[in-house]
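Novice: Input sequences plus hints: build the corresponding full structure.
Chain residues, written in single-letter form:
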Amino acid sequence: MLKIDGVTRRFGDVTALDNVSLEIEQGEFFALLGPSGCGKTTLLRILAGFETPDEGTVTLDGEDLLSMAPNRRPINLMFQSYALFPHMTVAKNIAYGLEQEKVGKAEIKQRVGEVLETIGLGEMASRKPGQLSGGQRQRVALARAIVKRPRLLLLDEPLSALDKKVRAGMQLELKRLQNEVGITFVVVTHDQEEAMSLADRIAVFESGRVRQVDEPVELYERPRTPFVADFVGANNLFEGTAVPGGLDVPDLGVLPGEGTELAGVKALLAVRPENVRLADRGLLGTVLDVSFYGGISHIAVTVEGRDKPVLVAQQGAAKVEAGAQVRLGWDAHDAVLIQEG
Amino acid sequence: MGKPRFLYVPFWLTYVFLYAPILVLVVMSFNAGRSPYVYEGFSLKWYGVLAEDDKIMQGLVNTLIVAAASTVLATVLGTLLAVGLARHTRSKLLDALGLMPAILPDLVLAIGLLVFYDVVKFSLGLHSVILSHALFGMAFVAAVVRTRLTHADSSLEEASRDLGAGPVTTFVRVTLPQLAPGIVAGALLAFTLSIDEFVIAFFTAAPTEPTLPIVIYSMVRFGVTPEINALASILLLVSFTVVIVAQRMTKIGEIRAQD
Numbered sequence: 057m058l059k060i061d062g063v064t065r066r067f068g069d070v071t072a073l074d075n076v077s078l079e080i081e082q083g084e085f086f087a088l089l090g091p092s093g094c095g096k097t098t099l100l101r102i103l104a105g106f107e108t109p110d111e112g113t114v115t116l117d118g119e120d121l122l123s124m125a126p127n128r129r130p131i132n133l134m135f136q137s138y139a140l141f142p143h144m145t146v147a148k149n150i151a152y153g154l155e156q157e158k159v160g161k162a163e164i165k166q167r168v169g170e171v172l173e174t175i176g177l178g179e180m181a182s183r184k185p186g187q188l189s190g191g192q193r194q195r196v197a198l199a200r201a202i203v204k205r206p207r208l209l210l211l212d213e214p215l216s217a218l219d220k221k222v223r224a225g226m227q228l229e230l231k232r233l234q235n236e237v238g239i240t241f242v243v244v245t246h247d248q249e250e251a252m253s254l255a256d257r258i259a260v261f262e263s264g265r266v267r268q269v270d271e272p273v274e275l276y277e278r279p280r281t282p283f284v285a286d287f288v289g290a291n292n293l294f295e296g297t298a299v300p301g302g303l304d305v306p307d308l309g310v311l312p313g314e315g316t317e318l319a320g321v322k323a324l325l326a327v328r329p330e331n332v333r334l335a336d337r338g339l340l341g342t343v344l345d346v347s348f349y350g351g352i353s354h355i356a357v358t359v360e361g362r363d364k365p366v367l368v369a370q371q372g373a374a375k376v377e378a379g380a381q382v383r384l385g386w387d388a389h390d391a392v393l394i395q396e397g
Numbered sequence: 002m003g004k005p006r007f008l009y010v011p012f013w014l015t016y017v018f019l020y021a022p023i024l025v026l027v028v029m030s031f032n033a034g035r036s037p038y039v040y041e042g043f044s045l046k047w048y049g050v051l052a053e054d055d056k057i058m059q060g061l062v063n064t065l066i067v068a069a070a071s072t073v074l075a076t077v078l079g080t081l082l083a084v085g086l087a088r089h090t091r092s093k094l095l096d097a098l099g100l101m102p103a104i105l106p107d108l109v110l111a112i113g114l115l116v117f118y119d120v121v122k123f124s125l126g127l128h129s130v131i132l133s134h135a136l137f138g139m140a141f142v143a144a145v146v147r148t149r150l151t152h153a154d155s156s157l158e159e160a161s162r163d164l165g166a167g168p169v170t171t172f173v174r175v176t177l178p179q180l181a182p183g184i185v186a187g188a189l190l191a192f193t194l195s196i197d198e199f200v201i202a203f204f205t206a207a208p209t210e211p212t213l214p215i216v217i218y219s220m221v222r223f224g225v226t227p228e229i230n231a232l233a234s235i236l237l238l239v240s241f242t243v244v245i246v247a248q249r250m251t252k253i254g255e256i257r258a259q260d
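Taken in sequence, the protein lines are chains H and A.
FYI, in this note's numbering the residues of the first sequence are 57 to 397.
FYI, in this note's numbering the residues of the second sequence are 2 to 260.
The set of hints was computed from the structure by calculation and includes no laboratory data.
Careful: at least some of the hints might be erroneous.
Negatives, chain A to chain H, calculated, CB over 12 Å [claimed, not checked]:
#1 9
#2 13
#3 20
#4 121
#5 122
#6 181
Label pairs and their calculated CB-CB ranges [unchecked claim]:
#7 H:170 - A:88: 48 to 54 Å
#8 H:225 - A:98: 35 to 41 Å
#9 H:216 - A:8: 44 to 50 Å
#10 A:88 - H:162: 32 to 38 Å
#11 A:73 - H:220: 39 to 45 Å
#12 H:119 - A:90: 29 to 35 Å
Some chain H residues close to chain A (C-beta under 8 Å, calculated; not the full set) [said to hold, decoys possible]:
#13 104
#14 106
#15 133
#16 141
#17 156
Beta carbons are placed, not taken as given, at the ideal position from N, Cα and C, and that holds for glycine.
Specialist: Structure representation (structure tokens):
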């Protein structure tokens, strides 16, 4: 549906986007994930029409997007700041886009009413944005974008301005809405939990390049580049040389893992804290710190020959204390080998 | 609360310093005698003299025409200049040059304009004063509107484009309402500056069509009577009203913009 091909954008010496190619399917909830300055927002602004790439093409259902002015694109953007018009009421804000399409007055009224119902703000129609809470403003911004029934909806950090509790509720609501209206959603976020919970597929960006495109579970369990392994979720990373059945790490010996067929190359081994067990045999270490989070406990274990402690996550309360000698182990299929460089 | 009383003394002294001369001026306008310095009893006669003074009335009409016309020109051009500077150029030089007439000494501007009108063989009259006043008024409007623009959220304009509005609709329905308080403030500034502007008007007006400040200046040279005080009192009343209206309007504008 949306095809981004070889898009490059430079600002002076800085390359914001470097030969980015992506394909996004009809009806998909797609996330662009990355730290700030990775180029994801630039890509979003290119899709909306506020930036022009130096190279590359973008097509929507085969139509060239780049030659269209922003107001002619069948795309709407929900701004990070929401960008609600402060001098207009909620209803006027939502009607604005329809008025530009020269939709009849009666139809505008009906569609605005419907969408206000959908977002549950029917009684707020005559309020000004300044009289709404953050969560309500966010919903108005969303309503203003979807009422135009765009083929593609772009969301720039949609939940970042909300506090934690409201955020969880909005997350569910966004998913429900996307199911209901069937519009393709592209969301930009730096929050990997947000991306994981919302998206069908995620593209991870780093310094203007796409590092991996995958479904959330795949991305979490099978990171394919060192950056993704480190950026997405907590991870224990070991550096060494790949050998059959694992990774040969200096001072620590061969650690079990799966993934890279190529033996003998420099590689990383990534194992999630929740997959590390306190075992009878394996890496020997000393418990540095135990923190209890209610449902789970985090145990940091210092291992001789490694600078950073190894993180272990356990269900419930931990049965060890700081200073105790423990051994750490994991199943080979829970650890991923990633080729370096 | 709880602060020593004597700290208010400088505060009140400042106000006395500001308003004592004005108070004297207003009181003397009701003087029965001929002198603006010695009070000889209450009378409204100088207001009557003023109303029948054709020279002053003609000067007042001229000044109002100039102020109104130059304010309209200055407001439109100044707003467009501000938007252009803020949204469509990154040149610091153009920015500085655009706001220059506001800080340039009046005398420089006056001489420059007179020479310019002479070179292009432009006739002098109310129209030349209007253009001159529009020139520096525009710089003030641009400065005020520009400040407001830098605080305005440019994503609102992008949102308008995103929702399908063209550049013109966006300007009229989104940019202008955001700027309205700044535009009103700028227009009032241009208007009040034009009303009592002397130097530039003196250089660029025709001798047959003087503005009020020029008329007053020529009267004062032949000695002052309380007629001048009466005129000043009326002008004072008008400017007070304008200031209060302006404050009200910008307040309403701010509240609207925030809501």
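Novice: For every hint, state whether the structure bears it out.
Specialist: Consistency of the hints with the structure:
Distance check on residue 9 of chain A: its Cβ is at least 37 Å (rounded) from any Cβ of chain H, clearing the 12 Å threshold; non-interface status holds. Listed as a non-interface residue, residue 13 of chain A keeps its Cβ farther than 12 Å from every Cβ of chain H; the least gap is roughly 38 Å. Every Cβ of chain H is farther than 12 Å from the Cβ of residue 20 of chain A; the closest lies at roughly 38 Å, confirming the non-interface assignment. A cut-off of 12 Å between C-beta atoms confirms that residue 121 of chain A is not in contact with chain H; the least separation is 41 Å.
Here residue 122 of chain A stays apart from chain H, with its beta-carbon at least about 45 Å from theirs, past the 12 Å limit. Distance check for residue 181 of chain A against chain H: the nearest CB is about 8 Å away, which does not clear 12 Å, and the non-interface claim fails. Distance hint check for residue 170 of chain H and residue 88 of chain A: the Cβ-Cβ separation is about 35 Å, which falls outside the suggested range of 48 to 54 Å. A beta carbon spacing of about 53 Å between residue 225 of chain H and residue 98 of chain A contradicts the range 35 to 41 Å that was offered as a hint.
The hinted window of 44 to 50 Å between residue 216 of chain H and residue 8 of chain A holds, with their beta carbons roughly 47 Å apart. For the pair residue 88 of chain A and residue 162 of chain H, the supplied restraint of 32 to 38 Å holds, since their beta-carbon distance comes to about 36 Å. Separated by about 53 Å at the C-beta atoms, residue 73 of chain A and residue 220 of chain H break the suggested range of 39 to 45 Å. Checked against the hint of 29 to 35 Å, the C-beta distance between residue 119 of chain H and residue 90 of chain A comes to roughly 33 Å, which is consistent with it.
Checking residue 104 of chain H against chain A by beta carbon gives a least distance of about 6 Å; that is within 8 Å, so the hint holds. With its C-beta approaching chain A no nearer than about 6 Å, residue 106 of chain H sits inside the 8 Å limit, and its interface hint holds. Taken as an interface hint, residue 133 of chain H checks out: its beta carbon lies about 5 Å from the nearest beta carbon of chain A, inside 8 Å. This hint holds: residue 141 of chain H has a C-beta 6 Å from the nearest C-beta of chain A, less than the 8 Å allowed.
Interface hint at residue 156 of chain H: satisfied, since its Cβ lies 4 Å from the closest Cβ of chain A, which is below the 8 Å cut-off.
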